[in-house]
Amino acid sequence: MQVTLKIFRYNPETDKTFHYDSYSIDAVETDRVLDVLERVKGEQDGTLTFRRSCAHGVCGSDALRINGRNMLACKTLIKDVGETLTVEPILGLPIKKDLIVDMEPFFNNYKKMMPYFVSSAPIPADGKERLQSPEDRIIFDETTKCILCACCTTSCPSYWANGEYYGPAAIVTAHRFIFDSRDEAAAQRLQILAETDGVARCHTAYNCTEACPREIKVTKAIGEVKMAMMTGKV
Amino acid sequence: MANIHQFDVVVIGAGGAGLMAGLYASRGAKTAVISKLYPTRSHTGAAQGGIAAALGNIEQDSPAWHCYDTVKGSDYLGDQDAIEFMTSEAPQIVYELEHMGLPFDRTPEGRIIQRPFGGHTNNETGKPVRRACHAADRTGHMILQTLYQQCVKNNVSFFDEYQTLDILIENGKAAGVVALELSTGDIHIFHAKSVVLATGGHGRIWEITSNAYALTGDGIAMALRRGLPAEDMEFFQFHPTGIYKLGILITEGVRGEGGVLINGKGERFMPNYAKTVKDLASRDVVSRSMYMEMRDGRGINGSNYVYLDVRAETVNKYAAIDGRTNPDGSPYAMTGDAILKKLPDIIDFCRTYLGVDPVTQPIPVQPTAHYAMGGIPTNVYGEVLADNKNTVLPGLFAAGECACVSVHGANRLGCNSLLDIVVFGKHSGLRAAEYANGADFTALPADADGFARDQFDRIRNNKGGETVFKIGQEMKKEMFDNMGVFRTEETMTHALAKIQELQERAKHIKLSDTGKIFNTELLNAWELTNLLDLAEVTTASALARKESRGGHAREDFPKRDDVNWLKHTLAWKKDGKVKLDYKSVKITQYQPKERVY
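Those sequence lines, one after another, are chains E and F. Just so you know, numbering that gives the first Met the number 0 puts 185 at position 186 of the first sequence, and the rest follows in order with no gaps. Just so you know, numbering that gives the first Met the number 0 puts 74 at position 75 of the second sequence, and the rest follows in order with no gaps.
In isolation and in its complexed conformation, chain F is listed as follows (with noise of 0.2 Å):
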């Protein structure tokens, strides 16, 4: 029998976005908000480099050119009415995140710091604008840390590690979630007038990525097997500098600051691919041009990686050649000392985990899994959209990485991520507590939690030789071996087959823990039919759209087709088969054009 509670809102995920719709939720609502991590374990704690903002506080900036920058970022997927609502929105919600105490570092003034980052850029010098807020590089780590304080301030209901298993939709509004007590094996019911999913992201179903353990796509997943559909899943950002063979992520402030990308040469390289902003173009054209670099034969001793240098006398010398100046305009100029002040974090995990101090050596670096543009389409509200038509699921809503709104288009841009958590966190969690205010519960249906027992009984039952790790381990290689920064017709078709045979395999797994309290073993099988089923929607949705566009570059469609193509993806899962549709992008200001940095 089992356990079942009442609530106005539940929200599924306890990360930026996650506590600040339950925060927000809260205020309004009864709220629980049911993490299968200790609220502070999230991934927004392993965000360094900062959260965009139009603050103006170092030089002139505009929510308006920030805005031009995500479209241009998303490579013109982006819809351009949420972008305008998310940039405009910025300057406010940083402001409010300092009022909640975060300590983001200050100006001499004593207001926030900002710092240059990849994409953005004042739009009339086209140069980069100091645009990122930051703490140090631990600026996520210090979000999920003032979110879940101002949670316990506001005396939020945690449920901490629980793993939700099943959405429950009857008569096609949300009625609550189904969950898994960890520590006993206990199953719970949540009655909810409204459902927030903030489950983040899935870059675990590659090989080399920046991504926790824990992030399996849990919340798309569960849409997919509930019916919804899941947006541009193609699009998914591989971030240029990872630690070589490890992914941790080194941020992209590292370039904020100066650092430069050096190949086997020991020449600087972005410059060819992008003159003007150079290291600091957008994601998706940084990585690619790595990869074009190592292919040539110009990678660290020939091979799959390459340098970033955040020396001194490197930063120093590229400025002077850049022309960088300080606000004051006084030569740029970098000291060790501050880059040990300013980088404290990464210089301690290269420290760690490569024996590789970055104020005296260069740190190998290669593209690694990061984020997904792609997710539970939504709109600005974080109301779940259920079709091409953009109607809206009652009752459901979505927030976060999880979700696709779509602000990020085909390529996001560094620190907007951090932003989009906080901004549609709140918006959710606002219209969750007023919808949930204004409708009755919906009736839970009978065996409510039969579905979700159903696919753990299944895994239990299984028989065969299979095991959890070595059918991830097979998915994670092929994925980036044949799903990475490029893809072709071929390396898609390998993908998706393999895919689908994991898939039959893993019916074969035979667990060795039969036990209830603590089965990481059977949860680590369930997240894994998690990141097969979005392994085989990625792959499935890229193999079909037949053109280059951000993070989805085609060896054998190498261009944009805005004629065929500017229009997102929409896939779902039917009879054990990926379906697809499109639905069109909203244009407002920006029309499309030639995409050079």
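Next up, chain E with everything else stripped away, as it sits in the complex (with noise of 0.2 Å):
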């Protein structure tokens, strides 16, 4: 089949402003959007820039917005997207070249969060590993599966909105330590997700649950974080 792309374009040492090529070409339904624009890159248009890495759903560097949503280009078939395609760079974040958008104000957020184990308790006196029932680690392995490829972030209106809302991946970070047994810093990320720019800029929109790649219930993590801090209990 024919598949019709018109892909956003932006090259800062040459352009002004961004403007879209099209380009037309061979490929089946079970390719990837991914496979797609490496044969345009390769056999059309070497200056089209975007990141790839693993191509299969969990480096997390090709979150693009196709068709108006935002997805990994690796984990999107033709056939989930039709033969016409619109490519753009993920909404909300400052755009660098082509497809490929500044992450550092994502990961800035994702560093609010205090995104690593803190606990104060010593380790075992035998050496080995704390102990965790299976029951208390099911609770948090959802939000464990995150990529951190900004596909939910921007989705979200209210980041849009507001560039300074530290937005869900970041929250889903949060969330990954709150509700873990062996973490002792739950009290202190909820601090500051009660700021201005933590959850309660959440409007439940669900764009973020829509648009996450590993299927995490995003909008639901959030969720459960607001409830933690209106309770006081994680």
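Because the hints were derived from the structure by calculation, they are not lab data. Among the hints, erroneous ones may be present.
Take a look, some chain E residues computed to stay more than 12 Å from chain F by CB distance [said to hold, decoys possible]: (1) T3; (2) T13; (3) S118; (4) E209; (5) M228; (6) T230.
Straight-line C-alpha distance at most 27 Å; calculated BS3-like pairs for lysine-lysine [claimed, not checked]: (7) F:K515 x E:K5; (8) E:K127 x F:K152; (9) E:K95 x F:K509; (10) F:K340 x E:K216; (11) E:K110 x F:K152; (12) E:K111 x F:K29; (13) E:K111 x F:K152; (14) F:K515 x E:K15; (15) F:K152 x E:K232; (16) E:K219 x F:K340; (17) F:K340 x E:K127; (18) F:K244 x E:K78; (19) E:K5 x F:K509; (20) E:K5 x F:K469; (21) E:K95 x F:K515; (22) F:K152 x E:K225.
The C-beta atom is built at its ideal place from N, Cα and C for all residues, glycine as well.
Once you've looked at the hints, go ahead and assemble the two chains, each given alone in its own frame, into the complex.
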């Protein structure tokens, strides 16, 4: 089949503003969108610029806005999106070139969450693992899947409206630690998220949950953080 | 004018080995981690099934058994002192990861859970042992995330999206690296006392691979250009279960949980090749068995793939035949729901890419280029060894897949790579800081970035009609067809000539992107030169080795030959040609014997 792509282009070295270029390319319906982008770059236009690495949905490099929705180019097949594609950078982060955005603001929000394990408890005397029941482990299982691709944060209308909002991905990271029975810094993280740019900015639009390529129920996780904040219980 | 930075230690690469090295080095010395990707994009995150350590949380196990299994798995080419070191450090380092917060799955008692994996056995019974510590089928993801989190906690300095182009070596010592800032196109010189290479693998040489686009062997290629050898490059692992045509990894954990390989006649064939551990034989053995089935017309519909079947009824049928039991002695039984919980990611991959649901359908699989056993020669402290007398090059270190310690020898066991990266990442970081604290900076050479700039200028100024894409495709196809699971003198000679032809043609690649900012076309062209160099060294090393051992299987020399070939290959690039030499294998406890699974 013939696939037509309309791709967002912006080269800061030569362009005053962005434009779209169109490409037509042979594809099969089981091709990944990333395969098609690779062939456009390889065979038609070497200047087309985008990030990619693992090509199977685990590294989070190629989050793009495809036909108006955020998805990973490597985890989306042509049959899922049709023969006419509009490919744009994810929204809400500064555009560096073509489909590449500046990820620094995103990772800065991540770093505000104390995104690391905190425990002052001594390690077990035998030097072995801390114990954790399977029941305690499963509580935060889903949020450990996050690959920091930014599909959720850059699909969020609250984030588009206010770039100071920490955004869904940062809250998912906080959730992963807040609900880990071994961690001791839940109260501090909840305090951070109680600030103006924390969970209060979530208006449950559910875009994040729909956008997540890892099928994390992001809105639910944010709700659990809000609940913990209100009840003081985790 | 290049930007100049000064650090005691610079680490190149931010996968598991690089992050572990960065974490440990930063505790004792001023350290920077430089990576061409954001650290969490590194390919450690794609590792699925587990990390090997003889914790004995579910059944009896010991580091000594792990050591022997690894030696046997290596087809006796692994250095036994290094293997003893790694397997004895394994339990402690897994506990350390847990102490860093890594969310392992748990046993009912709350301990780290473990599953069987290929080649890991109870040395008394010969039966599979549960040694692979895991977090569902995303263990590598959890290791990568946890180590990055710890680096954030400890304020490690990162230079994200900086492509390292050259290693500076002055007066026989490391002096730093030259790197390109991708977002600006600016060159940076990192003046350092210690340089740790942790750049990962180079599976992108082959057409069907589990490896990320980023895995282009940059560290090894840079080392070769600076006159250092690459060790045992002919040994590259083809993982038995890649998704058909795509190569995406399906963890050996599927077989650990009871999945079996089925041929076109509907038969489970692995018992014909490995009567004791069957589908859990070592990866080289399983990949060869699959090829032999396919060659004899027993692929699915006579084609070049077989099925991996993890449906509950199949698992339970063969578990009963094998007499597999739970730790409490009850018969092993699986449900579709349990499979979904234990292997969520690979089920997602199959549903997404194949439209196949492994809970109700078998998965079409074929061997996929997966892991480099070879690499930059090092000792157990990550110190790079410059010759066949193991002379240390002061200040230069390597760890992880780009290094060859050698703990994997001719074939790596599953779950030993995650172990390798954390153990040797840690020790190279520690030793790099220790060395830096006792050494002065080596003066930077005049025109420090000249060699890197020359390489780029040459690519920019090429004339001709070739493209990165086309040459890359031809290389990958040639290597998969002629330097794959099985090789002969004829196929390898063909491959070597083809690679050398492509190296010439690559000088005529014409770029269309002339900019500085995120010039990924230029970057890909440079990465292609690395892949071609490694393809050449791999093929030349393989052509010379006239035996079959581990991942190097020759149809014209089908037997292992310990009299002539129980030795490591060292390959240099000199004056445009590959030069080979050899060094001895360290044998301590285990004399080579026939390898039967």
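Hints and how they fare:
1. T3: holds, 20 Å
2. T13: violated, 7 Å
3. S118: violated, 8 Å
4. E209: holds, 16 Å
5. M228: holds, 22 Å
6. T230: T230 of chain E clear of chain F: closest Cβ-Cβ about 24 Å, beyond 12 Å.
7. F:K515 x E:K5: The given pair, whose Cα atoms are some 24 Å apart, holds under the 27 Å limit.
8. E:K127 x F:K152: holds, 23 Å
9. E:K95 x F:K509: With a Cα-Cα distance of about 24 Å, the restraint between K95 of chain E and K509 of chain F holds, given a limit of 27 Å.
10. F:K340 x E:K216: Measuring from Cα to Cα gives roughly 16 Å; hence the hint holds.
11. E:K110 x F:K152: Since the Cα atoms of K110 of chain E and K152 of chain F sit roughly 9 Å apart, the hinted pair holds (cutoff 27 Å).
12. E:K111 x F:K29: Holds. K111 of chain E to K29 of chain F sits at ~23 Å (cutoff 27 Å).
13. E:K111 x F:K152: holds, 11 Å
14. F:K515 x E:K15: holds, 17 Å
15. F:K152 x E:K232: Holds: K152 of chain F and K232 of chain E sit about 25 Å apart, inside 27 Å.
16. E:K219 x F:K340: holds, 20 Å
17. F:K340 x E:K127: holds, 26 Å
18. F:K244 x E:K78: holds, 18 Å
19. E:K5 x F:K509: Holds. K5 of chain E to K509 of chain F sits at ~25 Å (cutoff 27 Å).
20. E:K5 x F:K469: holds, 24 Å
21. E:K95 x F:K515: holds, 12 Å
22. F:K152 x E:K225: Given pair K152 of chain F, K225 of chain E holds - Cα atoms ~25 Å apart, limit 27 Å.
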